[in-house]
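Colleague: Given next are the chains, with one letter for each unit.
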Amino acid sequence: MLPLDDTDRRLLDGFQRDLPLEPRPFAAIAGDLGLAEAEVIRRLAALQEAGAVSRVGAVVRPNTAGRSTLAAMAVPEDRLGEVGALVAALPEVNHCYEREHRLNLWFVVTAADAEGVVAALARAEAATGLPVLDLPLEAEYRIDLGFPLRWT
Amino acid sequence: MDVTPGERALLAALADGLPLEPHPFAALGERLGLTEAQALDALRALRDRGVVRRFGVVVRHHELGYRANAMVVWDVPDAAVDAAGRALAAAPDVTLCYRRPRRLPDWPYNLFCMIHGRGRDAVLRAVERAAYAAGLAAVPREVLFSGKRFKQRGAVFGPARTGGAAWTNSTAAS
Chain A
1 MLPLDDTDRR LLDGFQRDLP LEPRPFAAIA GDLGLAEAEV IRRLAALQEA GAVSRVGAVV
61 RPNTAGRSTL AAMAVPEDRL GEVGALVAAL PEVNHCYERE HRLNLWFVVT AADAEGVVAA
121 LARAEAATGL PVLDLPLEAE YRIDLGFPLR WT
Chain B
1 MDVTPGERAL LAALADGLPL EPHPFAALGE RLGLTEAQAL DALRALRDRG VVRRFGVVVR
61 HHELGYRANA MVVWDVPDAA VDAAGRALAA APDVTLCYRR PRRLPDWPYN LFCMIHGRGR
121 DAVLRAVERA AYAAGLAAVP REVLFSGKRF KQRGAVFGPA RTGGAAWTNS TAAS
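Same order as they appear, the protein sequences are chains A and B.
Terminal number for the first sequence in UniProt numbering: 152, no gaps in between.
Terminal number for the second sequence in UniProt numbering: 174, no gaps in between.
It is worth saying that the hints were derived from the structure and are not from the lab.
No residue lacks a Cβ here, since even glycine has one placed at the ideal position from N, Cα and C.
Watch out, some of these pointers could steer you wrong.
Each pair of labels, with its calculated beta carbon distance range [stated by the list, open to error]:
id, chain 1, residue 1, chain 2, residue 2, range
1, B, A83, A, D32, 21 to 27 Å
2, A, I143, B, R31, 27 to 33 Å
3, A, E77, B, A37, 54 to 60 Å
4, A, E77, B, V143, 18 to 24 Å
A partial selection of chain A residues facing chain B, derived with a Cβ cut-off under 8 Å [claimed, not checked]:
id, residue
5, L11
6, F15
7, Q16
8, P25
9, G34
10, E37
11, G51
12, A88
13, E98
14, P136
15, R142
16, F147
Where chain B lies over chain A, by a calculated footprint (3+ residues, C-beta under 8 Å) [said to hold, decoys possible]:
id, stretch
17, 39 to 49
18, 53 to 64
Produce the entire structure from the sequences given, and follow the hints as far as they go.
Modeller: Below is the structure:
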């Protein structure tokens with residue numbers, strides 16, 4: 001757990017959505033928090049450097065600017081590190097996790113179009129010699145509006 | 001809800017987030033030959049059309065103390081899955097909730113959600129609460145805790161021929 005002060009927490013929790021699309025958004029945040037613009041920028045940079053913030057930017061609705069899918073593989077335990085690294089090295093893969101299941105490697109593939117997704121899954125199979133389960137999104141029941149943080 | 005090549009290039013330039021400087025949209029636009037006003041107008045249009053779902057601070061759960069996270073999967077009868085999905089999505093600990101296809105015989109589950117917690121016990125208690133709240137207590141389910149994280153990022157760079165098409169995506173099972 002990173003050492004965070006109350007101002008960091010307010011920055012992390014209060015500005016996950018609706019960042020003003022105006023020329024000086026960090027000045028707008030600074031106004032809300034009673035800080036200087038430079039202080040907001042310094043803190044966000046430090047949080048990003050520490051890994052607590054992935055980025056300050058856009059979350060795009062799935063399958064609008066590109067196409068994506070969730071994929072799974074059953075990897076022999078003694079090959080998990082090797083296969084995980086091979087899959088994670090594919091440029092179309094943006095998330096890749098071990099999960100506790102017979103299907104123990106899960107990853108998200110995103111490409112410009114459906115053909116690009118199919119090609120990336122084929123490359124994952126070719127690189128690893130293992131079959132891939134393709135589990136594309138069919139319906140979305142919850143819109144990603146950020147992650148409410150609870151500090152205690 | 002297609003995007004234009006110019007919009008895609010803008011989202012690509014934004015893949016690693018805004019530059020952290022006083023005029024971030026001017027800096028972003030400069031990479032693409034756009035003025036600050038043009039970059040802002042394009043982003044507002046993407047937001048208004050719902051392509052950009054949210055714009056702001058994207059946090060990483062693990063680094064903020066949410067050390068346990070699980071993908072919880074459910075085998076819900078097809079006729080009931082949409083209602084169940086909406087109910088599950090309303091549970092307080094559920095952060096993402098999707099329907100995906102079964103792949104029999106390997107994979108019988110058609111409803112997916114993500115639950116994050118500070119520890120495994122907290123996640124398991126949240127799963128129980130969500131199951132009861134959504135009327136899914138008697139439905140077959142599995143809880144897939146995450147282990148090693150091989151990669152987590154918000155951006156994917158397409159083939160170079162597209163000029164670096166990239167975007168961020170909220171489908172992540174993270």
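Colleague: Next, verify each hint and record whether it holds.
Modeller: Each hint, compared with the structure:
Taking the beta carbon of each, A83(B) and D32(A) are about 39 Å apart, not inside 21 to 27 Å as hinted. I143(A) and R31(B) have their C-beta atoms about 29 Å apart, which keeps the hinted 27 to 33 Å range intact. Checked against the hint of 54 to 60 Å, the C-beta distance between E77(A) and A37(B) comes to roughly 55 Å, which is consistent with it. Restraint check, E77(A) to V143(B): a C-beta distance of roughly 19 Å satisfies the suggested window 18 to 24 Å.
The criterion of a C-beta within 8 Å of any C-beta in chain B is met by L11(A), whose closest approach is roughly 7 Å, and the hint holds. Checking F15(A) against chain B by beta carbon gives a least distance of about 5 Å; that is within 8 Å, so the hint holds. A hinted interface residue such as Q16(A) counts as satisfied when its beta carbon comes closer than 8 Å to some beta carbon of chain B; here the least separation is about 5 Å, so the hint holds. Hint on P25(A) holds. Least Cβ distance to chain B is approximately 7 Å, under the 8 Å limit.
Hint on G34(A) is violated. Least Cβ distance to chain B is approximately 18 Å, over the 8 Å limit. Using the Cβ-Cβ criterion of 8 Å, the hint placing E37(A) at the interface with chain B is satisfied: the shortest such distance is roughly 6 Å. Hint status for G51(A): holds, given a least beta-carbon distance of 4 Å to chain B, under 8 Å. The interface hint given for A88(A) is met, as the beta carbon of that residue sits about 4 Å from the closest beta carbon of chain B, less than 8 Å.
The restraint placing E98(A) at the interface with chain B holds, with a minimum CB-CB distance near 4 Å, inside the 8 Å limit. Because the closest C-beta pair between P136(A) and chain B is about 7 Å apart, less than 8 Å, the hint holds. Interface restraint check for R142(A): the shortest CB-CB distance to chain B comes to about 4 Å, inside 8 Å, so the restraint holds. Because the smallest distance between the Cβ of F147(A) and any Cβ of chain B comes to about 6 Å, under 8 Å, the interface hint for this residue holds.
Only when three residues or more bring their CB closer than 8 Å to a CB of chain B does the claim for the stretch 39 to 49 of chain A stand; here the count is 4, and the claim holds. Counting residues of the stretch 53 to 64 of chain A whose CB lies closer than 8 Å to any CB of chain B gives 11, so the stated coverage by that chain holds, three being the minimum.
Consistency with the previously given hints fails for numbers 1, 9, ordered from lowest to highest.
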